[in-house]
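Novice: So the sequence lines, in the order shown, correspond to chains A, B and C.
Last residue of the first sequence: 345 in the UniProt record's numbering, with the numbers rising by one and none dropped.
Last residue of the second sequence: 345 in the UniProt record's numbering, with the numbers rising by one and none dropped.
Last residue of the third sequence: 345 in the UniProt record's numbering, with the numbers rising by one and none dropped.
One copy or two, it doesn't matter: identical chains are merged, so the pair holds either way.
Below, simulated PhoX-like cross-link-like pairs (lysine-lysine); rule was C-alpha separation at most 25 Å, straight line:
{"id": "1", "residue 1": "61", "residue 2": "20"}
{"id": "2", "residue 1": "337", "residue 2": "323"}
{"id": "3", "residue 1": "78", "residue 2": "195"}
{"id": "4", "residue 1": "78", "residue 2": "190"}
{"id": "5", "residue 1": "20", "residue 2": "68"}
Keep in mind that the hints were calculated from the coordinates and are not lab data.
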Amino acid sequence: MKFTAQDIATIIDGTVDGDKNTIIKNVSKIDDSAPETLAFLANTNYTHHIYTTQASVVLVKNDFTPDKPLQCTLIRVKDPYTAIATLLNAYAEMQPQKVGIENPSYMAKSATIGDDIYLGAFAYIGENVTIGNNVKIYPNTYIGDNTVIGDNCIIYAGVKVYPQSHIGQNCIIHAGAVLGSDGFGFAPTKDGSYKKIAQIGNVKLEDNVEIGANTTIDCATMGSTVIKQGVKLDNLVQIAHNVVIGENTVIASQSGVAGSTKVGSNCIFAGQVGVAGHLKIGNHTTLAAQAGIMSDVDENQTLFGTPAMDVKQAFRIEAVKRKLPDLRRDLNSLSKKIKSLDLDL
Amino acid sequence: MKFTAQDIATIIDGTVDGDKNTIIKNVSKIDDSAPETLAFLANTNYTHHIYTTQASVVLVKNDFTPDKPLQCTLIRVKDPYTAIATLLNAYAEMQPQKVGIENPSYMAKSATIGDDIYLGAFAYIGENVTIGNNVKIYPNTYIGDNTVIGDNCIIYAGVKVYPQSHIGQNCIIHAGAVLGSDGFGFAPTKDGSYKKIAQIGNVKLEDNVEIGANTTIDCATMGSTVIKQGVKLDNLVQIAHNVVIGENTVIASQSGVAGSTKVGSNCIFAGQVGVAGHLKIGNHTTLAAQAGIMSDVDENQTLFGTPAMDVKQAFRIEAVKRKLPDLRRDLNSLSKKIKSLDLDL
Amino acid sequence: MKFTAQDIATIIDGTVDGDKNTIIKNVSKIDDSAPETLAFLANTNYTHHIYTTQASVVLVKNDFTPDKPLQCTLIRVKDPYTAIATLLNAYAEMQPQKVGIENPSYMAKSATIGDDIYLGAFAYIGENVTIGNNVKIYPNTYIGDNTVIGDNCIIYAGVKVYPQSHIGQNCIIHAGAVLGSDGFGFAPTKDGSYKKIAQIGNVKLEDNVEIGANTTIDCATMGSTVIKQGVKLDNLVQIAHNVVIGENTVIASQSGVAGSTKVGSNCIFAGQVGVAGHLKIGNHTTLAAQAGIMSDVDENQTLFGTPAMDVKQAFRIEAVKRKLPDLRRDLNSLSKKIKSLDLDL
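All chains should be modelled from the sequences, with the hints used to inform the complete structure.
Specialist: Right, here's the structure in full:
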């Protein structure tokens with residue numbers, strides 16, 4: 001990686017204030033920088049660091065006016081956060097891309113693959129699998145029979161996809177994720193043991209879905225467990241059988257959604273949230289970290305706690321709860337006072 | 001898949017009410033159906049859909065009496081839920097089964113395998129491993145040295161079984177599960193660092209156990225971590241070293257049981273439950289989702305919350321807790337009243 | 001395994017009280033023992049078992065004085081717990097060690113490896129990977145391009161290490177763990193969908209780190225997610241992008257630390273803890289199981305609950321909370337009394 005300040009400015013639609021030929025070889029933080037790096041100043045709490053930073057180039061807002069002399073070259077942009085995101089993506093796209101088929105890998109003769117794919121060593125492609133163009137399948141991955149994978153997907157190392165799964169276009173599945181494992185369905189018997197109920201459905205991911213590392217999505221008992229387009233699931237998330245996750249919903253790490261629950265679109269679940277089974281969660285719902293949802297949720301709610309309630313109400317209650325020993329003491333003291341009054345009556 | 005209504009009725013011990021030769025090629029939901037499918041009506045809230053469903057055949061209870069004319073053929077059964085479970089299992093058993101040894105796979109010469117096994121490509125069988133008859137080991141699976149696997153087990157893709165593990169008969173282990181990883185055992189040292197304590201025990205699964213995707217079960221420090229017969233663990237469950245899970249206990253996703261805890265038989269843990277170490281949990285215990293168990297639990301309890309308590313008590317407390325701001329206000333107003341009374345005394 | 005009592009005593013710096021040639025072939029628990037085994041007596045609640053144990057040899061404290069005749073040979077040591085840890089480690093070291101390169105495995109020509117390594121079948125070593133001496137890489141493992149692994153590391157089966165990772169010396173990574181998956185970073189767009197922000201940083205493990213099975217550690221957006229020396233992470237832990245975990249901090253199973261949070265050194269997190277993003281957790285912090293941390297934490301705190309608070313305060317509050325229905329009733333009864341007083345005024 002080696003760019004001039006002007007190269008960077010061109011990518012992010014900025015203007016150079018200083019030497020356009022300043023060389024950048026890496027990125028750094030403004031308060032933990034090195035020469036020949038690019039830093040950015042987006043949070044004004046960090047402004048004082050710009051006068052001492054060793055970074056050669058700093059991204060700043062268009063209206064930044066230094067109070068003192070600067071050692072660094074500036075690149076002025078409308079919004080440094082957006083600029084850095086653009087830059088990261090541009091950098092990522094410049095990296096060499098894996099392509100070709102490594103050996104040994106395993107592909108059933110009945111499988112069909114598109115153009116420009118990468119198939120890592122020890123990847124396994126089952127019978128009748130269909131893989132689109134420009135798909136990357138990293139090493140040690142298992143794609144079960146009859147699975148369909150759309151164009152431009154990236155399946156990272158060690159992903160396990162059970163048979164009959166459908167994966168849309170532009171999906172990213174991170175290492176160790178499991179798609180299509182059996183739903184947790186058992187019928188109790190008279191002797192206290194459980195009889196397995198076969199799970200013959202599948203998992204369906206629509207387009208532009210990203211699935212985190214070691215996340216698990218069970219197949220449906222019948223039909224499909226559906227992850228709609230634009231959904232982003234973080235690491236170690238559990239999606240149970242027959243669940244539907246609505247468009248553009250994002251779910252943070254270690255959250256779980258139990259069987260047959262329908263989650264609306266554009267929801268945000270923070271980490272370690274739990275949602276019980278057979279519920280409906282409305283669109284634009286926000287669930288705070290560790291929330292536990294035990295009943296249906298209307299649209300546009302922001303909930304906290306277990307059992308979850310409106311976040312503002314929850315914090316009003318929490319404020320009183322934290323003073324419960326005082327409240328108990330106040331009540332006892334009132335009670336004594338009343339008793340003494342009683343004597344007077 | 002192509003059956004007549006009579007074929008289905010025979011499998012599930014039902015009687016056809018209508019054309020016995022009606023063709024079924026798939027299953028559907030009664031309210032989201034298509035021609036040539038089989039739907040079922042078990043929940044009476046859905047009864048009205050039977051008059052408009054496009055499903056060709058609908059499973060109903062023996063005593064179902066339509067109010068209006070029906071387009072569909074009926075199959076009458078004692079219990080539609082049981083019938084559908086029977087049907088799902090029959091369907092699953094009809095699917096072609098994997099058998100044979102795919103290449104490349106790795107089997108130590110000292111390993112012994114039974115008849116009719118499936119060994120997927122990139123599966124690894126270590127030294128002195130013993131595998132029973134009719135076992136299916138999917139691709140990219142690792143079976144460590146000296147492990148024993150009983151008859152009729154299914155080990156899905158990417159499962160990792162550490163050396164010395166014992167797996168009984170008829171067990172199912174889902175993709176990505178790990179059996180036998182080191183228990184989390186460290187001795188603090190004077191400088192604040194930790195010294196690892198070797199974990200030389202193993203994991204033992206009895207018969208008819210099912211383990212979910214990406215679930216982890218640590219080996220014992222000495223002896224065995226034991227999962228007794230009929231236990232069902234969902235996805236992403238953590239079982240720590242030296243734990244014993246009693247017969248027919250079922251544990252839902254993302255729950256964890258800490259070291260040396262003994263869980264009784266026929267317990268039900270909902271999702272995201274946490275149980276501390278060195279505890280005894282009695283038989284027939286039910287733990288609500290996200291419960292946190294910090295002390296021993298007697299038999300036949302149903303617990304909720306952290307620290308967990310009896311579920312009825314918990315909900316009585318929760319009801320008052322939700323009115324805490326009102327309670328505080330009432331107390332303040334009483335307090336004022338008393339003060340004014342004081343003046344009069 | 002076959003030792004004499006004297007062999008054992010030599011390893012753990014103890015003295016034999018009885019027949020020095022007593023044969024031991026295995027270990028057992030003092031209350032669940034068998035002949036030719038070694039048990040230990042560390043907890044005085046178990047003392048009575050020593051008179052009936054079938055173990056041939058029992059480890060006891062130096063000052064142990066039996067009340068009755070014993071069948072077993074004793075080995076007297078300063079501290080039985082430490083002795084057993086020493087013994088376990090000695091036993092583990094005596095086991096045959098894997099060494100050599102199994103086939104088929106995959107190593108890029110540009111990769112360099114040290115002496116005495118074990119590379120299991122179906123392990124994948126990418127371009128420009130550097131692996132130190134005496135490293136063990138178990139089957140079905142993926143080591144991405146440009147990764148560096150220090151001496152004496154053990155990488156168990158099915159571990160996935162993304163490109164550019166740095167792993168120090170003497171690290172142990174358990175089966176199924178994922179290092180370097182993309183941080184969960186997305187920018188919302190006007191239509192409600194999310195645009196991925198490329199994550200170009202890496203994961204850095206310092207020396208003597210142990211990572212549990214199926215644990216996930218995301219790479220940094222830029223720079224490194226850092227796990228400092230001596231850190232021990234249990235199974236199914238989530239560490240998000242740009243997090244720093246301080247030296248010798250131990251984190252139990254199913255805990256999660258959200259993005260950019262800095263955790264101090266020598267902290268102890270119990271199981272299922274959640275820490276929000278962009279926080280600072282001071283050194284020597286202890287977090288109780290299922291604690292939810294929503295703001296910065298000073299040094300030397302012990303916290304409980306969600307939102308977390310000082311554990312002693314939390315239990316004082318919990319005690320009153322458990323009596324909330326009584327408190328409500330007391331208040332109502334007082335209120336009635338006041339009303340009746342009012343009438344008299």
